[in-house]
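Chains as they are written, first to last, in my numbering: chain A, 1 to 310; chain B, 1001 to 1304.
Source of the hints: derived by calculation from the structure; they are not laboratory data.
Model, not experiment: these values are computed from the prediction.
Every residue gets a Cβ at the ideal spot worked out from N, C-alpha and C, and that includes glycine.
A hint or two may mislead.
[To be verified] One-sided excerpt, in silico: chain A residues whose CB lies under 7 Å from chain B: (1) V61; (2) V63; (3) T110; (4) I138; (5) P143; (6) L153; (7) F286.
The chain contents come next:
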Amino acid sequence: MIKYTIRRILWTIPTIFLAVTAIFFVLRILPSDPASSILGENATPDALRALKEEMGLDKPVSVQYVEFLEGVIRLDFGNSLSSGRSISTEIISLLPYTLELALASVLIATIIGVPIGIYAAIKRGAFVDSIFRVSALIGLSMPAFFLGILMMLAFSLKIPLFPSMGAGEGFVGNLYHLALPALTLGLIESGIVMRITRSSMLDELNKDYVRTARAKGVPRRTVNLKHILRNSLIPVVTVIGLNITTLISGAVLTETVFSRPGLGKLAVGAIETRDYPVLQACLVLFCLLVIFVNLVVDLSYSYLNPKIRP
Amino acid sequence: MSEPALRNKTITNLNNSPQPLPVKQKLVFWSVLKKSKIGMAALFILIMIILISIFAPVVSPYDPITQNASERMQAPSSAHWLGTDSFGRDILSRIIYGSRISLLVGFISVMISSIIGTAIGMVAGFKGGVLDEILMRIMESIQSIPMLLMGLMLLVAFGSNMTTLIIAISIGLIVSCARIARGPTIELKESEFVKASIASGASTFRILVVHIFPNILGPVLVMATLHMASAIRVEASLSFLGLGIQPPNPTWGNMIQDGFRYITTAPGVALYPGIALMVVVIAFNIFGDTLRDAFDPHIIRNRK
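With the hints as extra help, turn the sequences into a complete structure.
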């Protein structure tokens, strides 16, 4: 187990390296020179040179690349072009907003998805099962930004229950503003969680231990909820973790729709203001996040399920 | 079991992916598909939408780009079934033309990613060893950048045009194609008929194309259908963020972005293209899901 863990952790290094390198070089071949596109066409050559120097664009690409890699290791991404502040500070100040959105939506997805998934598996083949199946498909098909707009329209504009934009002050205000974005993301996620709960329950249903438990007279309800559920939750935990990419894309879109501060909004804003260092930092950060979560999921999966441990 | 194989197992579990298709099942496949009412409904909707997009110039009542200042922001009427937008353009016509971009971008990127991804997966699975490790490591790196952000990054770097959009979406989709193809290839490699073929000196290319590919065609087709849904959704999301195909060319995403500004006064401008988008994505997902059941021998037995 320790050997596997070390191996798995070491393997993330080339993955991170490849992904981060790709981000660097793609953003380095921008057709328009970032410095001149920031200053506009009428920039004096001196101003252009000064900005290039500030951005480090005057150095050879290889030097820039090494500096960038060093920055990634130290999690120091330089300064934002539009605000002049350190990007790391900016990210740290926005991170809680995105994290609370992510956690709240995962929570909502679990609360909705797991019980419905269990129920659908128990009632497999019945009419309710197909209703839930289709609802789950509709949920996971929903484009996050459009569901966000629908939510806003329904629960903010038609029935003014929740605020439509921004983030609130204090604990209650915060939750109040979090409600619609979290529900939007949570509903989409819940479709995925429901499907995986259902199929993983079904996988367990025909196992020997279930037959044994039933044969010795354990009530059906106990078998379903205790024996099967416990075993079928492992893939559910995995899928919640692996959906980090859905969650990140979803956060980018919902934060944009609800004008909510956060990392997604930061990245989209950076495109509009042509603040390439910020965009680069956001992309690297999201990528590190995905790799890290995948690592944790893989390790916990192999810890929970000895069968797949090499 | 090596680490990438473990990863693949996880993914296979998640996707509830079908096993390679036994020859007999091919005959059963259509009859199972036919029995699923909801699957057939989805297929019908998809065929209708594809026909509408092909015959867009014939069916759309107005030109989607010509602006008409005197008819701005009209409510739905008999002249404009879904009303007009802020430039006085007929929303229905723009939705009809918008379907062309969605379907085209989706179709081309799914074709590209399925072909390249399946090839990578088959080669990785068949060759194994170092090549497999390297290829799967590259796949994992690609996967660590969410598809939306991949699109965002490439469109910012190379400019918003259709080629970049298609390339970005294709790259994002390649990974799951490779994984879907790799798993069964590893299993098939150990089967008698492939071993016999190797022993008789057939080239790797021939074995992959003649023996392995037909056996993984089912899962690949299912994947491709489901990928259409993802591709269309990502294309619309990028357009919504102001990247992707630029106005005045209509795409559902940029129509929603434009309509979102008038959400308080005229929600329909954003709502109608959004509904079109929703219906198409749901239809592809439902059809893909039905297709998966039809290809999956276990489900055929369980569901009558």
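Quick rundown of the hints versus the structure:
1. V61: violated, 15 Å
2. V63: Hint violated; A:V63 Cβ to chain B Cβ min 21 Å, cut 7 Å.
3. T110: violated, 16 Å
4. I138: holds, 5 Å
5. P143: Nearest chain B Cβ about 5 Å off; hint holds.
6. L153: Holds, because the Cβ-Cβ distance from A:L153 to chain B comes to roughly 6 Å (cut-off 7 Å).
7. F286: With Cβ-Cβ at 6 Å, under 7 Å, it holds.
Hint check: violations occur at hints 1, 2 and 3; the rest are consistent with the structure.
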